[in-house]
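Enquirer: One letter stands for each residue in the lines below.
There are 2 protein chains.
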Amino acid sequence: MIKRPIGIFDSGLGGLSVVSEFKKVFKNKRYIYFGDTARVPYGSKSVETIKRFALQDCRFLLSKDVAAIIVACGTVSANAIEELQKNFAVPIVGVVEPTANKAVEIAMNGNGRIAVLGTAATIKSGAYEKAIKKLDDKIDVFSVACPLFVPLVENGYIDKPATSMIAREYLEDLAKKNVDAVILGCTHYPILSKVIGEVFGESVLVNSGKEAADYAYALLEEKEVEDGEGEYYVSDEPHGFSETANVLLGEDISSCIRRVNIEEF
Amino acid sequence: MIKRPIGIFDSGLGGLSVVSEFKKVFKNKRYIYFGDTARVPYGSKSVETIKRFALQDCRFLLSKDVAAIIVACGTVSANAIEELQKNFAVPIVGVVEPTANKAVEIAMNGNGRIAVLGTAATIKSGAYEKAIKKLDDKIDVFSVACPLFVPLVENGYIDKPATSMIAREYLEDLAKKNVDAVILGCTHYPILSKVIGEVFGESVLVNSGKEAADYAYALLEEKEVEDGEGEYYVSDEPHGFSETANVLLGEDISSCIRRVNIEEF
Numbered sequence: 223m224i225k226r227p228i229g230i231f232d233s234g235l236g237g238l239s240v241v242s243e244f245k246k247v248f249k250n251k252r253y254i255y256f257g258d259t260a261r262v263p264y265g266s267k268s269v270e271t272i273k274r275f276a277l278q279d280c281r282f283l284l285s286k287d288v289a290a291i292i293v294a295c296g297t298v299s300a301n302a303i304e305e306l307q308k309n310f311a312v313p314i315v316g317v318v319e320p321t322a323n324k325a326v327e328i329a330m331n332g333n334g335r336i337a338v339l340g341t342a343a344t345i346k347s348g349a350y351e352k353a354i355k356k357l358d359d360k361i362d363v364f365s366v367a368c369p370l371f372v373p374l375v376e377n378g379y380i381d382k383p384a385t386s387m388i389a390r391e392y393l394e395d396l397a398k399k400n401v402d403a404v405i406l407g408c409t410h411y412p413i414l415s416k417v418i419g420e421v422f423g424e425s426v427l428v429n430s431g432k433e434a435a436d437y438a439y440a441l442l443e444e445k446e447v448e449d450g451e452g453e454y455y456v457s458d459e460p461h462g463f464s465e466t467a468n469v470l471l472g473e474d475i476s477s478c479i480r481r482v483n484i485e486e487f
Numbered sequence: 223m224i225k226r227p228i229g230i231f232d233s234g235l236g237g238l239s240v241v242s243e244f245k246k247v248f249k250n251k252r253y254i255y256f257g258d259t260a261r262v263p264y265g266s267k268s269v270e271t272i273k274r275f276a277l278q279d280c281r282f283l284l285s286k287d288v289a290a291i292i293v294a295c296g297t298v299s300a301n302a303i304e305e306l307q308k309n310f311a312v313p314i315v316g317v318v319e320p321t322a323n324k325a326v327e328i329a330m331n332g333n334g335r336i337a338v339l340g341t342a343a344t345i346k347s348g349a350y351e352k353a354i355k356k357l358d359d360k361i362d363v364f365s366v367a368c369p370l371f372v373p374l375v376e377n378g379y380i381d382k383p384a385t386s387m388i389a390r391e392y393l394e395d396l397a398k399k400n401v402d403a404v405i406l407g408c409t410h411y412p413i414l415s416k417v418i419g420e421v422f423g424e425s426v427l428v429n430s431g432k433e434a435a436d437y438a439y440a441l442l443e444e445k446e447v448e449d450g451e452g453e454y455y456v457s458d459e460p461h462g463f464s465e466t467a468n469v470l471l472g473e474d475i476s477s478c479i480r481r482v483n484i485e486e487f
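Top to bottom, those sequences are chains H and Y. The working numbering puts the first residue of the first sequence at 223, with every later residue one more than the last. The working numbering puts the first residue of the second sequence at 223, with every later residue one more than the last.
Isolated chain H (complex conformation):
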């Protein structure tokens, strides 16, 4: 059997936080990362556009002969995973199912209450709620769109008072619900764990990237995956991303990011 790399994609660089989790479990396996930095964000756009972009993202990764695809993007996972699975033969793993599994596991040992935070498109899709109810329809799910979290993170507003103020506005009603688990349903949100954690006190924050990486590792027979390094592609020019990549991935990949014209796929 010919071993092949794993593909991982996101609307932008947020998915590098998933790569970071991927590397913890897959160790020295080869992966191809694509970030659609020319068209980011996806979370404020329509389902039709999200599907169209995600199909192109997958076609690019398949042109690199990947054995499977991890959809790091919460918005694509929530809105287009079935469309992608219908169109392509390789295994495609999104973040919704594995994250719902983990949150339900926690909630079943608690009050049976889960909060979901995501982009406008993720929350509108109801995908997390459906996945949770499928596992246990007695669990109460409370969902809130937090559309400013992505631009706040991307502009370095991590520890700022304005970020705490916005987080409290988004989450104060939710904080009274005594939830057991809070799903961070967007790749950027784990960066705001401290701010979000302050609002929720004792609730467990569930990082969708970590759950997706663990799930993909359990699903894909490790021996099918090629050994090697990561490769990074983006749709905007690669310069100027080193700082964000450092925050999300914890290493400097600025010299090895290449540009791809995604609109051709």
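You may find that some hints are simply not true.
It does not matter which identical chain is meant; a pair holds if it fits inside one copy or across any two.
To be verified - Computed cross-link-like contacts, BS3-like style, restricted to lysine-lysine with a CA-CA straight-line distance of at most 30 Å:
{"hint": "1", "residue 1": "246", "residue 2": "399"}
{"hint": "2", "residue 1": "445", "residue 2": "355"}
{"hint": "3", "residue 1": "445", "residue 2": "324"}
{"hint": "4", "residue 1": "399", "residue 2": "382"}
{"hint": "5", "residue 1": "273", "residue 2": "399"}
Keep in mind the hints are simulated off the structure, nothing from the lab.
Following the hints, complete the assembly by docking chain Y onto the known chain H.
Expert: Chain Y alone, transformed into the frame defined by chain H:
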């Protein structure tokens, strides 16, 4: 002579604030608006990508046989106006030159000091500074990127304390400079006039959309422009924009926005 409509484009719906100014001077003239809502925002992206997208935007408008193009987008005006003028034969009017004219006129009767607020790409380009210095090289120019203003406006954070807090952080150093004029170098910023005005006290806020519309009216012989209504095109699905359009344009155009696949141009 065959009369033709005017084309107006922006990275998204922000340019509708320019349409609103356009309608005040051009009255019942026909125009074609394009908003690249599938790929918005431009202000955080590279010059190369901004140019590539802007060329497609113009090609679409020219396919509608426009007589001239108003670049409502501050980011495109600052980064790609020469590229567009080089590629196309019709007059192309950006916001930088007319807005610089107005600000210089104000500053020459004051302290000779101008502040420029814009997206990351607009400020990085130095386009306003160059345009101002070309008119009067003794004028002091102070530029600040305000990257969170666009997402704040798009998410309805107009009158919120968090918005005032972020505005003060961006602008507090600038507020001490005793500037005569503050250029609102992005289509979204006039929506934040109240918040920005609070920081700057007596300085005059210069709305780039209004200046561009006035300049275009003076430049284009009115008799060349066809009478008629506006037509609206976007690259994302048209539904869900009625609220934003109402805020920016002051009328409900939700039923007459059409989608165009901009990547084909």
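Enquirer: Evaluate each hint against the coordinates.
Expert: Against the structure, the hints come out as follows:
Taking the shortest alpha-carbon separations for residue 246 and residue 399, neither the intra-copy value of 33 Å nor the inter-copy value of 50 Å comes in at or below 30 Å. Proximity of residue 445 and residue 355 under a CA criterion of 30 Å is satisfied in neither setting, with 34 Å inside one chain copy and 63 Å between copies. Taking CA atoms no more than 30 Å apart as the test, residue 445 paired with residue 324 passes inside one copy only; the shortest distance there is 25 Å, against 67 Å between copies. Taking identical chains as interchangeable, the C-alpha atoms of residue 399 and residue 382 lie at most 30 Å apart whether they share a chain (26 Å) or sit on different chains (25 Å).
For the identical chains of this complex, residue 273 and residue 399 are neighbours neither inside a copy (33 Å) nor across copies (48 Å), given an alpha-carbon limit of 30 Å.
Checked against the numbered hints above, the structure breaks hints 1, 2 and 5 and satisfies the rest.
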